[in-house]
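Sequence order for the protein chains is A and B. Using the working numbering, the first residue of the first sequence is number 404, and each one after it goes up by one. Using the working numbering, the first residue of the second sequence is number 50, and each one after it goes up by one.
In short, the hints are calculated from the structure, not lab data. A couple of the hints might just be wrong.
Unchecked claim - Label pairs and their computed distance ranges (CB to CB):
id, chain 1, residue 1, chain 2, residue 2, range
1, A, 807, B, 372, 32 to 38 Å
2, A, 872, B, 405, 30 to 36 Å
3, B, 100, A, 678, 51 to 57 Å
Unchecked claim - Listing some non-contacts, in silico: residues in chain B with all C-beta distances to chain A over 10 Å:
id, residue
4, 55
5, 74
6, 102
7, 108
8, 117
9, 182
10, 223
11, 235
12, 244
13, 247
14, 268
15, 308
16, 324
17, 340
18, 366
19, 376
Glycine residues also receive a C-beta, built at the ideal position from the N, C-alpha and C atoms.
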Amino acid sequence: MLFQTPQFFAFFAIVMLFYAATMRRLRLQNAIVMVASYVFYAFWDLRFLSLIITATAVAFIAGIGASGARIENRQLRNALLFLGAGSAISFVPGLPGTAPYLGACAALGVAIFGFVAVVNRTTPERRQQASVVAGVVFNLALLGFFKYFNFFADSLSDLGRLLGAELGYVTLKVVLPVGISFFTFQKLAYIIDVKRGRVEASTDLIKFGAFVAYFPQLVAGPIERAGHLLRQFDVPRQLTWHGFATGAALFLWGMYKKVVVADNISPIANRVFDAPGSMTSGELLVGLLAFTFQIFCDFSGYSDMARGLARIMGLDLMINFNIPYVSRTPSEFWERWHISLSSWLRDYLYIPLGGNRGGPLLTYRNLFLTMLLGGLWHGASWTFVAWGAFHGGILIAYRLLNVDRWLAAQPPHGASAALRDAGLIAIMFMLTMFGWLLFRAADLATVGAFMAGLAQGEGWAAAPWATLGFYVAPLLVVQAWQLWVRDLEFLPRLPAFARLNVALFLVFSLVFLAPTAPSAFIYFDF
Amino acid sequence: MRPLRTLGIGIAIIGYALVFGEFFLRGFAPQPLVPRYVTGGPDGIRANIANVAFRQTTPEVDVVVRYNDHGMRDDRPAPPLAKAPGECRVALVGDSYFVGFESDFPHAFGKQLEDRLAAARTPARVLDFAVSGFGTAEDLIVIQRRVAAWRPDVVIMSWHASDPDDNVRSQLFRLVDGRLQPTGGAFLPGVSVSDRLMRVPGYRWLIENSHLYSALREKAGTALKGFLADLRGKAQAAEAPVASDPATEMPARAPGAGSAALDLALLTASRDASRAIGAQFLLFDIPIWSNRTKFYSAQVLYLGPLPGIASVSPQDAFTAVARPDLKLYHEQGHLHWTDAGNALAARVAADDIARRGWLAGCGDAVGRAKAVAATRLPVTP
Chain A
404 MLFQTPQFFA
414 FFAIVMLFYA
424 ATMRRLRLQN
434 AIVMVASYVF
444 YAFWDLRFLS
454 LIITATAVAF
464 IAGIGASGAR
474 IENRQLRNAL
484 LFLGAGSAIS
494 FVPGLPGTAP
504 YLGACAALGV
514 AIFGFVAVVN
524 RTTPERRQQA
534 SVVAGVVFNL
544 ALLGFFKYFN
554 FFADSLSDLG
564 RLLGAELGYV
574 TLKVVLPVGI
584 SFFTFQKLAY
594 IIDVKRGRVE
604 ASTDLIKFGA
614 FVAYFPQLVA
624 GPIERAGHLL
634 RQFDVPRQLT
644 WHGFATGAAL
654 FLWGMYKKVV
664 VADNISPIAN
674 RVFDAPGSMT
684 SGELLVGLLA
694 FTFQIFCDFS
704 GYSDMARGLA
714 RIMGLDLMIN
724 FNIPYVSRTP
734 SEFWERWHIS
744 LSSWLRDYLY
754 IPLGGNRGGP
764 LLTYRNLFLT
774 MLLGGLWHGA
784 SWTFVAWGAF
794 HGGILIAYRL
804 LNVDRWLAAQ
814 PPHGASAALR
824 DAGLIAIMFM
834 LTMFGWLLFR
844 AADLATVGAF
854 MAGLAQGEGW
864 AAAPWATLGF
874 YVAPLLVVQA
884 WQLWVRDLEF
894 LPRLPAFARL
904 NVALFLVFSL
914 VFLAPTAPSA
924 FIYFDF
Chain B
50 MRPLRTLGIG
60 IAIIGYALVF
70 GEFFLRGFAP
80 QPLVPRYVTG
90 GPDGIRANIA
100 NVAFRQTTPE
110 VDVVVRYNDH
120 GMRDDRPAPP
130 LAKAPGECRV
140 ALVGDSYFVG
150 FESDFPHAFG
160 KQLEDRLAAA
170 RTPARVLDFA
180 VSGFGTAEDL
190 IVIQRRVAAW
200 RPDVVIMSWH
210 ASDPDDNVRS
220 QLFRLVDGRL
230 QPTGGAFLPG
240 VSVSDRLMRV
250 PGYRWLIENS
260 HLYSALREKA
270 GTALKGFLAD
280 LRGKAQAAEA
290 PVASDPATEM
300 PARAPGAGSA
310 ALDLALLTAS
320 RDASRAIGAQ
330 FLLFDIPIWS
340 NRTKFYSAQV
350 LYLGPLPGIA
360 SVSPQDAFTA
370 VARPDLKLYH
380 EQGHLHWTDA
390 GNALAARVAA
400 DDIARRGWLA
410 GCGDAVGRAK
420 AVAATRLPVT
430 P
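Go ahead and model the full structure; you've got the sequences and the hints to work with.
Okay, here's the thing in C-alpha cells:
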C-alpha cells in the first residue's frame, strides 16, 4: 500500500476516524495505531507480519531487562501472548509453513520464558548485560538471515570456486521482509538506549508495539529513537488545524518529489543503467544526474510524506534530509543525507568503535568501517560495499586535508566565501554522483563500462537534458528558497495567495504530471 | 454575513483554481483536444452529429473535422442515396481511426483510400460511417441499419484492440447457445449528458479549447472505465493488452478482455450482414502502437486466423517503413494515425481490394468516369 495511492488515502481516512474518536483514551489510541500499523504492514506482506510482532515481543522483554529491572510475570505473559498472536497469523490460508513457524514460535516462547527465569535471578548489572546481548544478537540474526544469508553464501561459494573448491552449499531463496533494516535498527537503538539510561524501558507492550511498527515510518524510516518517538506515545496527542495544514503541506511536497520528480526521471536513469555500453557520454551523464535526483526525491519524498502523516496525527518524526546536495564536505553531506541512519551509525557504531578518541589512525579505521557497514546496511551487494568504502575513503581524505577545520576558520559570508562554497559544493556534488554510480550499478563491471563511456566525451547535445531540467527545475527553485530563508518548511509562512498558488501547482502537478502507474519507493528494497 | 463571505471566498478560490489549472496545463502539460461530437442515433447507438465542423488540436496537429449532412466524415455533401449507374461505393465502419481523427480530411484514411482506389483505376466513393468509440457490436448495427440503404460494394470494418472490451461492455448482443442474439438494448454512454452540455452556451468552445476540461474529462473517463471493468471483475481488461510473451515481446490478450466467442460471432454476423446487402466484407486490422518501430497486430492478438472472413493488416507495411524519425501514430495525441500512417493504411486496403478484384465489376466506363470526377469535388470551405 503505497502512500500515493487512493487505497492508502482510504486507509488513512479510516484510521484517522478511529484515532480522532479516541483522543481522550490514550491506551486505546495507541492500540489503534498499533493495529493500523499491522494492517498497513499486512498489505505489504502478510507473511512477515508475524515476524515484526515476534521481534517486538523479544525487544520488549530485552528492553525491560536492559534497564536492569526484573521482568514481571505480567510483562512476560503479555510478551508471550503477543508472540502467540503473531504465530496465529500463520494459520491464514495460503501462507506457507504453518507447522515450522508454529514450532519456531513455540521454541522462541520457551526460550523467552527460560531467559526471563534465568535473568530474573541474577544481579541487575548481569540482567542488563544479558538482555542487551540477547536483544542485539536476536535482531542482528534476523537481519543477517533475511538480508545477508544469500549474499554471504554466494560470496563464500564464489571464493571457494576461485580457489578450486566446490563448497556445495544450498542457496535458500530468502525473501527480504520490507522495512526490516529500518525497524531492526530502531529496536536495536531502543535496547541500547535503555541500557545507556537514555530512555526508560517501556512496560506497556501496546505502546511499544505502536512505536516499533508506527506505519508512516515503518517501511522506510526515518529510523526513530525511542527518546523522541516512544515518549510521544506517553502523552495525549493534539489534533490541530495547524498540524493538519502543515502536515498536509509536507505530505504534498513529499508526494510531489516522489511522484512528479523521481518517477518521471527514473526512466532516464533506468535506460542508461540498463545498457551503459550503448549510450553516449551525454546520455550517461544525464542518466547519472537523473539517478542522483531520483534517489533524493524518492527517499526524501517518502520521509516528508511520513513526517506529514505523523504531524496530522499529532506526532513528530525527525527530519531525515536537509538539502544534502549543497554539502561542501562529506561530513556535511552525512549531516544532511538520511540523517536518521547516519546519526544511528555515529551513535551505535562509530562512537562504540572508539570514534575519534584513539588518534588519527584509529579514527580513519572507525570512519571507514562505519561507512562500509553503512553501505552494507543498504543491501547485500558488492556495489553497496564499494559505495560505503568510497564514502569512507572521501571522509578520510577530507579529514586528512583538514577541510572541515579549515572551513570553520574561514569567514562564512562575502563574495569570496560564496565562490569558495560554490566550488566545494560542486566538487562534493560530483563525488556524490560518483557514489550513486557505485550504488545504482548492477555490478562493478557496469561501473567500468559507465566510466569508459563517460570518458568518450561525445554526444552531449543529444541527451535528454530538457526532460531532466523540466522536472528538476522546480525542485531546485524550492531548495534555493529553503536555503535563502533558512527554513525547510517555509510554505506556512508565505502570504495566503502565494500559499494558494504553491498548493495549486503541487496538486495540478500531481494530477497531471504523474506517471499513470504508481511505483514503489527505492528504499523499500533496503 | 460570515457564511456568505466564506462562500464567496470559496467560489473565488475554485474559480481561480480552474484558471490556474488551465494555464498550468497549457504551460506544462498541453492536452490533446480531441472532441468527438457524437449524439444518440435512432438505432440505439451513438452517431456523429450531422453538419458540424470542429477543431482537434494537439501538440502535433491542428485540424478541422467536418461531418456532412449524414454524419459522415467528409468535407463534401453526401452523394444521393441511390447509386448512379456504374458507381462504386465503399463503406467504412469502425472507430476514430476510420473517422480520421487528428487528420484533416484530405489526409484522413477514408479520403486517402478513395484517392488510392481512383489511382488504381477502380474509383469508388468512400462513405465513412465510422463513429469514435465504436466496437464491433455497434459496427454490426451500423451495417444493418445505416449502411444498407447506400448499397455499398465493399464494407471495410476496423478491428481495434479496444473492441473486445467494448463488445462486452455495450451489451448490445449476447451469445445464447453459441448463437448471436441482439439484446434489444441501447448503448449510449454519456450521450444524454453530452447532449445537455452541448446546449449550454460556451460548452463547444470549452471542449475545443480548454486543456483543463479535456484533461479532467479524460481522467474521469479512464476512471469510470476502470471502475466498470472492476465491477465486471476484469480490471485488467481496461488496460488490455498488458502482459507480454518474453520470447516474442508480443503482448498477450489481457485476462478477461472481452469474449473471443462473442467477437467472432459479431464479425461473422457483420460479414453476413454485408453479404446480405450485396457487399464484400473486409476486416481491417488497426495495429497496436508499441513504439515507432514496433507494432502488434490486434487481430493476431485477439482473434487469430479467421477462416471465412477476409482480413488485412497494415502491420507489415508499417514495420517495413518504420524508422525512429518517422511517426505513423500521433504520439502526443490519442495515438491516431498520422498522415503517413493514414496513407500507408489506405494503400494496404486499396491494394487488398484490388488484389481481390472486388471493385472490378461494379462500375462501367461511365460510372468510373463519374466516380473519378466525384473524388475531385472541391472540398467545402
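Hint-by-hint comparison with the structure:
Checked against the hint of 32 to 38 Å, the pair residue 807(A) and residue 372(B) fails, with Cβ atoms roughly 55 Å apart. For residue 872(A) paired with residue 405(B), a C-beta distance near 54 Å fails the hint of 30 to 36 Å. Here the CB-CB span from residue 100(B) to residue 678(A) is close to 54 Å, well matched to the stated 51 to 57 Å. No beta-carbon of chain A is positioned within 10 Å of the beta-carbon of residue 55(B); the least distance is around 14 Å.
Not every CB of chain A lies more than 10 Å from the CB of residue 74(B), the least distance being 6 Å, so the non-interface label is violated. Remark: the non-interface label on residue 102(B) is consistent with the geometry, its nearest Cβ contact in chain A lying 29 Å away (cut-off 10 Å). The beta carbon of residue 108(B) sits about 14 Å from the closest Cβ of chain A, which is more than 10 Å, so the claim that it is off the interface holds. With a least CB separation of 36 Å from chain A, residue 117(B) remains clear of the 10 Å interface cut-off, as annotated.
No beta-carbon of chain A is positioned within 10 Å of the beta-carbon of residue 182(B); the least distance is around 20 Å. The beta carbon of residue 223(B) is kept farther than 10 Å from every beta carbon of chain A, the shortest such distance being approximately 32 Å. No Cβ of chain A approaches the Cβ of residue 235(B) within 10 Å, the least distance being about 32 Å, so the stated non-interface status holds. Distance check for residue 244(B) against chain A: the nearest CB is about 28 Å away, which clears 10 Å, and the non-interface claim stands.
Every CB of chain A is more than 10 Å from the CB of residue 247(B) (nearest about 26 Å), matching its label as outside the interface. Its beta-carbon lying about 7 Å from the closest one in chain A, residue 268(B) breaks the requirement of being farther than 10 Å from that chain. Against chain A, the non-interface label of residue 308(B) holds: every CB pair exceeds 10 Å, the least being about 26 Å. The Cβ of residue 324(B) sits about 42 Å from the closest Cβ of chain A, beyond the 10 Å cut-off, so the non-interface label holds.
The beta carbon of residue 340(B) sits about 13 Å from the closest Cβ of chain A, which is more than 10 Å, so the claim that it is off the interface holds. With a cut of 10 Å on Cβ distances, residue 366(B) stays outside the contact zone with chain A, its closest approach being about 29 Å. With a cut of 10 Å on Cβ distances, residue 376(B) stays outside the contact zone with chain A, its closest approach being about 18 Å.
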